[in-house]
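Work out the full structure: start from the sequences and follow the hints.
From first to last, the protein sequence lines are chains A and B. Position one of the first sequence corresponds to residue 360 (the working numbering), numbered consecutively onward. Position one of the second sequence corresponds to residue 360 (the working numbering), numbered consecutively onward.
Be aware that one or more of the hints could be misleading.
Remember, identical chains collapse to one label, so a pair may be satisfied in a single copy or spanning two.
[As the list claims (entries may be wrong)] In silico BS3-like pairs for lysine-lysine, Cα to Cα no more than 27 Å straight-line: (1) K539 <-> K388; (2) K468 <-> K550; (3) K598 <-> K557; (4) K468 <-> K598; (5) K486 <-> K612; (6) K598 <-> K543; (7) K543 <-> K468.
No wet-lab data here; the hints were simulated from the structure.
Protein chains: 2
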Amino acid sequence: MPVLFLRNIMISVNWRNQIDKIRFLFNSKRESYFLFYDILGFFPHHIQYYEHALLHKSIAVRSQKTGRLINNERLEFLGDAILDAVVGDLVYSCFSHSHEGFLTNLRSKIVQRDSLNKLAVEIGLDKLIKCDLPSPTHNHSLCGNALEALIGAIYLDRGYSYCKWFFENRIINRYIDLEKLARKEVNFKSKLVEWSQKNKIEVSFELIEQFFDKHNNPMFQTEVLISGISCGYGVGYSKKESQQKASEMAIKKIRKNKEIDSLFFEK
Amino acid sequence: MPVLFLRNIMISVNWRNQIDKIRFLFNSKRESYFLFYDILGFFPHHIQYYEHALLHKSIAVRSQKTGRLINNERLEFLGDAILDAVVGDLVYSCFSHSHEGFLTNLRSKIVQRDSLNKLAVEIGLDKLIKCDLPSPTHNHSLCGNALEALIGAIYLDRGYSYCKWFFENRIINRYIDLEKLARKEVNFKSKLVEWSQKNKIEVSFELIEQFFDKHNNPMFQTEVLISGISCGYGVGYSKKESQQKASEMAIKKIRKNKEIDSLFFEK
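Structure below.
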């Protein structure tokens, strides 16, 4: 995106903020407006989008306009995609000579559930979420989902460029060291083992095959079994590498497929 | 995004096109400019982005600026995310009361590989792709990938709003009936069987378990095996539904994980 355009956005944000600060001082919802200002770095135009983004599905709120029950799941759908685009653009620009495999990896480190949950807590979004759960802190995706929904709200309220401005200036520049993150290797095996211990589910690794590649290097294929069910496998130049890849596949499967997740938790 | 903003984009596209038409008549690359105009509905500002989007990795082109070998894979990474955001926004606005599960499904029907390949051919992008393959038409992802890279090029050249304008006006409104597509059910089982026959790989379905849900309805769990390896399973209220879900999981696994794909093709 042209630099001049982004500079214009910044000038526009600063200039609008001064006017809005005076305007919202006399608004009946001024407390809400200023709370969101602290998080966003600008004032909402339509505060109902942001309020909507913080409604977890456990709480039933009826829309005043349509009479339907509303929660933040639709906004989360929208925000999830916008976030991928925004982070995709940022890593594309920052690492101008890197291969797309590296970019995909780096983006997924930023937008993965754990990372978004932490970021949501760091910007103080967790305190504003409205939910009706016995132990909301145990619902691991709640905060990250609300952050995605917030991006969806910014998009509807101010458009794509503000989403980019927000994520770059209020999140990345404050909480993420891109260079450091790029070098960080995710240990999928330990993540999977941690998950299995927490949920008391058996996880085992089985070496299926050992063979040689075309250059005669030894290769290993490992299968990961969760409660005896095959949930992923990986091929690598060491047992460790193959276990790491198998774990990555199993984690993705668990995270993406709510059906599997509930299947295991029901056990 | 505000309607007024989008109307302004449309006026701006029409107005700029008239000036650009005269300007590019005297440009040495006028043929290229007019070719892209036919596809995009507007003239490129920086034509090199668009030329870059059409370079398949099989062809080695060296950048005049950096001296590095370039292809369209990085632009494809960028365009893929932008496309998800654009289509996400479109289905979110068109189906204002639909559940996010429905929206996710509908979006994936539009952005899935087969669909993007067809769209790329319909807008005539396939004829412009530069590649060095013995039978490019057999590379199924080539056209769809180029379309994603084109979206990446539009994003870098003109920004997000033009990507949205392009996909809405030049693709969705011309080639996709959203209401009809929303009703269309994807038959994952037949897709998987088709793939197995084509690649001569054995696929089998095994009923693992039959049980009852809490309301005493019978339920089925099916596992799908590809070459004897477990590649997915599904739970449903009929055998057909459970096979359908298991096939969907296996297809996703094959498509997302190039390692698995190559593993099967090597057999």
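Verification of the hints:
1. K539 <-> K388: So K539 and K388 fail the 27 Å test inside a copy (41 Å) and across (43 Å) alike.
2. K468 <-> K550: within (14 Å within a copy, 32 Å between copies)
3. K598 <-> K557: Within one copy only: 25 Å inside a chain, 33 Å across chains, cut-off 27 Å.
4. K468 <-> K598: within (24 Å within a copy, 38 Å between copies)
5. K486 <-> K612: neither (30 Å within a copy, 37 Å between copies)
6. K598 <-> K543: Close inside one copy (21 Å), not across copies (44 Å); limit 27 Å.
7. K543 <-> K468: Classified as within; 9 Å inside a copy, 35 Å across copies.
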